[in-house]
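Visitor: I would like the entire structure built from these sequences, with the hints used as guidance.
Read off the chains here:
Number of protein chains: 2
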Amino acid sequence: MYLCGMAQILDGKAVSSFFKQQIATEVKEMVASGHRAPHLVAILVGSDGGSKTYVGAKEKACVEVGFAGTILHFDESISEEELLKEVHRINLDSSIDGLIVQLPLPKHINENKITQAILPEKDVDGFHDINMGKLTKGDYSGYISATPLGITMLLKYYHIETSGKHAVVIGRSNIVGRPMSILLSDSSETGNATVTLCHSRTQNLKELVAQADIVIAAIGKPGFVTGDMIKPGAIVIDVGTTRIDDSSKKAGWRLAGDVDFTSSELKSSFITPVPGGVGPMTITGLLFNTLKSRKRQIA
Amino acid sequence: MYLCGMAQILDGKAVSSFFKQQIATEVKEMVASGHRAPHLVAILVGSDGGSKTYVGAKEKACVEVGFAGTILHFDESISEEELLKEVHRINLDSSIDGLIVQLPLPKHINENKITQAILPEKDVDGFHDINMGKLTKGDYSGYISATPLGITMLLKYYHIETSGKHAVVIGRSNIVGRPMSILLSDSSETGNATVTLCHSRTQNLKELVAQADIVIAAIGKPGFVTGDMIKPGAIVIDVGTTRIDDSSKKAGWRLAGDVDFTSSELKSSFITPVPGGVGPMTITGLLFNTLKSRKRQIA
Chain S
35 MYLCGMAQIL
45 DGKAVSSFFK
55 QQIATEVKEM
65 VASGHRAPHL
75 VAILVGSDGG
85 SKTYVGAKEK
95 ACVEVGFAGT
105 ILHFDESISE
115 EELLKEVHRI
125 NLDSSIDGLI
135 VQLPLPKHIN
145 ENKITQAILP
155 EKDVDGFHDI
165 NMGKLTKGDY
175 SGYISATPLG
185 ITMLLKYYHI
195 ETSGKHAVVI
205 GRSNIVGRPM
215 SILLSDSSET
225 GNATVTLCHS
235 RTQNLKELVA
245 QADIVIAAIG
255 KPGFVTGDMI
265 KPGAIVIDVG
275 TTRIDDSSKK
285 AGWRLAGDVD
295 FTSSELKSSF
305 ITPVPGGVGP
315 MTITGLLFNT
325 LKSRKRQIA
Chain W
35 MYLCGMAQIL
45 DGKAVSSFFK
55 QQIATEVKEM
65 VASGHRAPHL
75 VAILVGSDGG
85 SKTYVGAKEK
95 ACVEVGFAGT
105 ILHFDESISE
115 EELLKEVHRI
125 NLDSSIDGLI
135 VQLPLPKHIN
145 ENKITQAILP
155 EKDVDGFHDI
165 NMGKLTKGDY
175 SGYISATPLG
185 ITMLLKYYHI
195 ETSGKHAVVI
205 GRSNIVGRPM
215 SILLSDSSET
225 GNATVTLCHS
235 RTQNLKELVA
245 QADIVIAAIG
255 KPGFVTGDMI
265 KPGAIVIDVG
275 TTRIDDSSKK
285 AGWRLAGDVD
295 FTSSELKSSF
305 ITPVPGGVGP
315 MTITGLLFNT
325 LKSRKRQIA
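Note that the protein sequences, when read in sequence, are chains S and W.
By the working numbering, the letter at position 45 of the first sequence is numbered 79, and the numbering carries on one by one without gaps.
By the working numbering, the letter at position 195 of the second sequence is numbered 229, and the numbering carries on one by one without gaps.
Simulated from the structure, these hints should not be mistaken for laboratory data.
One thing to keep in mind: the hints can contain errors.
Since the list gives no way to pick out one identical chain from another, each pair is judged satisfied if it fits inside one copy or across any two copies.
With a cut-off of at most 27 Å between alpha-carbon atoms, the simulated BS3-like pairs for lysine-lysine come out as follows [stated by the list, open to error]:
1) Lys284 / Lys47
2) Lys199 / Lys255
3) Lys147 / Lys119
4) Lys62 / Lys329
5) Lys265 / Lys240
6) Lys265 / Lys199
7) Lys47 / Lys190
8) Lys119 / Lys326
9) Lys240 / Lys199
Guide: Below, the structure written as structure tokens:
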């Protein structure tokens, strides 16, 4: 039986540093043996503050591990056709290994059309139908989208056993909840869990969360999961990153997770903080995918 | 509250006839307006009795609705390369709308390689990564694999509400359990259920099944789900089709479902029999996909 106390923090920042060091070492060896370093291109359209921050953090991470990182910043007036042309140009450019398009895009651009135009081999965000299909089938030769991938890396790092556990995933987005639910129930190293996928239509959410050995909260509702909801000793992964006003912060806002940390920390065995939990692991997942793409070209 | 009694039988045979009549009408109109009828090709390799039966039933169904149906039967000595050539030839043949390859294939042939070689537009079994990826993302422009599709058609026919219900899917195969779990939890007409996916590593299966408003059994273990396991009034869908010896039958065997029908019928509100439940709906799903492919070419 689990004795309530204080959970171990799943330190995404530290684990991310650990993996980034490994990636940096591989890049150094790659360059030393005469190959060019991996190159990630991020397309940013418009001037949304959040998007700028995310893309900036990804570029910074590229530099840290020795990748080339390029941000292509377009005005929000760019047409779908022009953007598609950029994607095709990058698809054909053999000096680029990964291409991500920061979402959301302006309303006059069909996001799915852009996402599907990216060559699956360069789709390091794992949003292309082919990569999503492979993930669904348990074929890991493609790219797993960065957040679920980052979470599995975190689970592996802390030797958290998922097999036979009951995982409750809250949120069915194509980027997080859905692929996470698939990965956890697959027959992989961080899989073999019994997975319940909950969402806005779920009626008995509290009852279900109370049964969970592992809770993954990915709905974007600050503080939605509270300590009284979770089973003593549960593992709690918080994917939420909602900006909420906070006048005590220099920026005037702070990131809030989907989990009420204070109450949940007392009941869980492992918990991710926000910030410093899943966020850094997402970027590490992206770096991992970009390195994979580069290594594939060399092989 | 549900009062125990006798469940309503979800009559896959009758519902299949209903949908086949609709398809036949569409085909007649298609032909009357000068277009050719849909054409489904099935590749059969070797002489497995089960495979022959399944392919035969599919061809018979094609004839019933006015499709052209062709079985290409190869000796089990056919090489992977030769089989790939056949697939490519059919991909290029504009007089063929759908291609299915009956599984399993002989061991010297990589099944995934063959499945992925089929043009996604002709992959009416919905096994191609692109079709699986679309399904995962809730994009129904591709093909949903025939058994899950057939089950959703059955649910629709009987106006069975899935939204907000707790569905427990037993079995995580790429052909049935996995896509079914995705479809039920998606935001579609026969979705919006809270879905728990169980499998061989699930530890508390009985507790979970006891919570289910909808049970989908797809594990291939005859009589695995018994009446004492299910919640009164549950909807029970039996995907199992295991051949078991039965000397009272002319063929010497009979099909056995994953559900113990006698005990489950007394506790459930709706239940599919085996045979005559999901089986005929699977074939109807395949016909539906083939018609969809043909209509797309005409449009």
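Visitor: Which earlier hints turn out false for this structure, listed by number in ascending order?
Guide: Violated hints: none; all satisfied.
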